[in-house]
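First to last, the sequence lines map onto chains W and G.
Counting from 1, one number per residue, gives the positions in the first sequence under this note's numbering.
Counting from 402, one number per residue, gives the positions in the second sequence under this note's numbering.
Hints listed in this document are in silico derivations from the structure and should not be mistaken for laboratory results.
A few of these clues could be false.
[To be verified] Subject to a maximum C-alpha distance of 27 Å in a straight line, what follows is the list of computed DSSO-like cross-link-like pairs (lysine-lysine):
#1 Lys380/W / Lys653/G
#2 Lys653/G / Lys392/W
#3 Lys298/W / Lys350/W
[As the list claims (entries may be wrong)] Computed Cβ-Cβ distance ranges for the label pairs, DEER-style:
#4 Gly205/W / Gly691/G: 49 to 57 Å
#5 Ile547/G / Asp334/W: 44 to 52 Å
#6 Glu5/W / Gly603/G: 40 to 48 Å
#7 Pro175/W / Arg419/G: 39 to 47 Å
#8 Ser664/G / Pro395/W: 30 to 38 Å
#9 Glu5/W / Ala412/G: 48 to 56 Å
#10 Ser207/W / Gly691/G: 25 to 33 Å
#11 Ala412/G / Pro395/W: 50 to 58 Å
#12 Ser664/G / Pro199/W: 49 to 57 Å
#13 Glu763/G / Met78/W: 42 to 50 Å
#14 Ala19/W / Gly452/G: 25 to 33 Å
#15 Ala44/W / Ser664/G: 45 to 53 Å
#16 Gly452/G / Asp25/W: 57 to 65 Å
#17 Ala412/G / Val228/W: 49 to 57 Å
Yeah, the Cβ is synthetic: ideal placement off N, Cα and C, and Gly gets one too.
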Amino acid sequence: MNDIEAFRSKARAFLEGMAPKYARDARAGNTVEQDLALGREYMAARHDAGFGGINWPTAIGGQGLTNMHKIAFDGEEMQFGMPVQFFGISLGMPVPIMIHYCQDKAFVKERVIKALRGEEIWCQMFSEPSGGSDLAALRTRVEPDGNGWRMNGQKIWTSWAQYCDYGVIVTRSDPTVEKHKGLTYFWIDMKAPGVEVRPIKLAGGDSHVNEVFFDDVRLEDEQRLGEVGGGFGVALHTLMIERYIATDSAGFGPHLDEFVKLAQEVEINGRPAIEDGRIRSAIARNHAMRAGLDSITKRAFLMMQAGMQPGPEGSLQKLVAVRSRQKLSELAMDIKGNAGLEFDPHAFVKTDWGTSWLNAPTGRIAGGSDEVLLNTIAEKILGLPQDHRPDKGVPFNRIPA
Amino acid sequence: MSILYDEGQQAIATESRRVLDARMSKDRLLGLLERVGEHDKPFWDTAVEQGWTALAIPEEFGGLGLGLTELGLVAQAAGAATSGAPFLTADYGLSSALLGSGKKDLQSIWLPRLASGEAVAAVALAEGNAILPPQSAVAFADGKLIGTKPAVPGGLTADVALVWAQADGSPVLALADLASVQRRAVSSYDNSRLHADLTFTGTDAAVLAQGEGARILALETLARMAVVTAHEQVGGAEALVNIARDYAVTRKAFGQPIAAFQSIKHRIAEMYGLVEIARANCIHAAASEGLPGFLIAAADARISATEAYDTNARDCIQIHGGIGVTWELGLHLHMRRARSLAVEQGSLLFWEDLLVSQLIGEAA
């Protein structure tokens, strides 16, 4: 057994030990606040057990292992349904960016350890009402204010902001240059005067995303990450950090086995649904698609282990998996008929078809919409031209609104 | 076996593609479409010369002792070139069945001849949409076959065939020398496949397996062939992505390359996605040869590769507009091949059912 596999079995043993108190079944019926409290406990236990900051340097509170170790752990953890959703973005992007760019190393170390233990949570503030896929269209403005900055504007779709202590943010510092060139990146204190967080209730009934408003928020220049005007580069860096995260060919919805089980339990026209050709076809097509994605993941994993760069086909994962989960969830609901109308808004997306269906549109938009992902594949992998962009080369304040 | 190609395997992929790029001719292939009973001799001569016929045959029979992964890579190159002969897959099917049967005498007669290219094989399992019909129309009795197998790929010129038949209602997998068989050429939409109805009129045949054993061996053989065909389909589907891309970046409309329109670029990105999913399944299936779960892996490969090739043939032509439907441009070579390969080795209807049966532990 190689090092990674040994680590994986150690991780599994840890997770099995934690499961009775923290995993999916133990969380059933929790309010968000209860779940968050449980999550913080779990994160502390995870850090104590040596599984926090797996691929981060030991000098700042990590474990000093490789990306492979982290992916192995995440793959195992995902199967248990631990209450980690609050910390995923925090540890995935803002904190690593702090490690990379923030000059005050003692401050960073303290933040890292508290974030790893679930004591503090960080959010990432990129999207705005005027720019989601078009990140550089953002309008939140910073202006020089003495030896620091003053910020005004609004962000949106900020995950877990209502529970966050800190955040990273891209702002417009110069509207007189091209839109990508006038941006500057900061970290901010979410409890600072002038920061107001308003949760947005989503279609599925939960409110994990927020609007964040800034009214004359004071920023010290020490809070700046990267150069003035270099914010777009730091933002891209942020998005690249988690390029090889643990993937899920089920599109973060129920496993295909759940669908097969359902089809074996329910009848259509007096015969088990599993004998119906339409159902069999859907199972087979989904199986083939998911097996392909799994094989792509496995190959990428082996390539990284061998010190090679994985192929670009990994970028298909979310696009293909979430889209198909959406349709499969609809079919599962068809199989249940009116027996499937009963709906529990707190059910888990990985075990409940109704919840999976209702939240699938979010999955197809967040973290790169299907259309943006297709553009990326077309442009970056296949070398096809960019779309026509009328705002190219135009100073931001001259772009027609 | 690893799902990462080693250097030798990568060399096979590169070299087979290079040789075929240099030697294949679209005009020659177009000509074959309108002639019944002719295959692309330069392609098959190349296959023999390059040792592709010997690739997956054990060394003791004059082969190179390599496996499904290597043959798959050659098939992928052949698929990209819409190569004009069906024998690589059928040869492999027949030799796999022979090896699986344990019939040493038959192995030593046929395997060296297949390896050297002196003989070519056909695999005659299907009747209509039934790839392994429960009651075959071909009867086996007293060492002889009687009955007809319709539209067998390669049937027109093959020297030997693997035949799915029945004896008193029980399956038989038999090997028949085709020297005396009656052949009727089928004029098909993909004529270089050499489809022919084979009529056995008391043809001598040797039994490779009977009853349940015949079913298991036939299914295993079919799955191996399906993995080779899936590679061929991936090769074709990938070629179509490249053709579509090259056209879309040069063809202009409304003042810009058509590839700058999302309706075009997204279509090509989707085609790419289908290829990569099918390729990943092919690599996994080839590496799973002989392991538990091989049938499932083969079905995954076959289903995704069929979907990829059919879709990409359809969409590549669509992206070309009017020029795409001309005889001369030849995209219909891929469109035709996508369909002939989708039917050979059993269509999606068969593989979807087989996959689900395997997943839930039904008898296939």
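Evaluation of the provided hints:
Between Lys380/W and Lys653/G the CA atoms are separated by roughly 21 Å; this keeps the pair inside 27 Å, and the hint holds. Of the pairs offered as hints, the one joining Lys653/G and Lys392/W holds, with about 21 Å between alpha carbons and a cut-off of 27 Å not exceeded. About 21 Å separates the Cα atoms of Lys298/W and Lys350/W, which keeps this hinted pair within 27 Å; it holds. At about 50 Å, the CB distance of Gly205/W to Gly691/G agrees with the hint of 49 to 57 Å.
At roughly 48 Å, the beta carbons of Ile547/G and Asp334/W sit within the given window of 44 to 52 Å. Take Glu5/W and Gly603/G: their Cβ atoms lie about 59 Å apart, and the range 40 to 48 Å is violated. Hint check: Pro175/W to Arg419/G, Cβ distance near 54 Å, so the stated range 39 to 47 Å is violated. For the pair Ser664/G and Pro395/W, the beta carbons lie near 31 Å from each other, so the given range of 30 to 38 Å is met.
The supplied range of 48 to 56 Å is broken by Glu5/W and Ala412/G, whose beta-carbon atoms lie about 30 Å from each other. About 53 Å separates the C-beta atoms of Ser207/W and Gly691/G, a value inconsistent with the hinted range of 25 to 33 Å. Between Ala412/G and Pro395/W the beta carbons are some 53 Å apart, a value that agrees with the proposed interval 50 to 58 Å. At about 37 Å, the beta-carbon gap between Ser664/G and Pro199/W misses the expected band of 49 to 57 Å.
At roughly 30 Å, the beta carbons of Glu763/G and Met78/W sit outside the given window of 42 to 50 Å. For Ala19/W and Gly452/G, the hinted distance range of 25 to 33 Å is not satisfied, since their beta carbons lie about 55 Å from each other. With their beta carbons about 51 Å apart, Ala44/W and Ser664/G fall inside the hinted range of 45 to 53 Å. For Gly452/G paired with Asp25/W, a C-beta distance near 58 Å keeps the hint of 57 to 65 Å intact.
At about 52 Å, the beta-carbon gap between Ala412/G and Val228/W stays in the expected band of 49 to 57 Å.
Checked against the numbered hints given earlier, the structure breaks hints 6, 7, 9, 10, 12, 13, 14 and satisfies all the rest.
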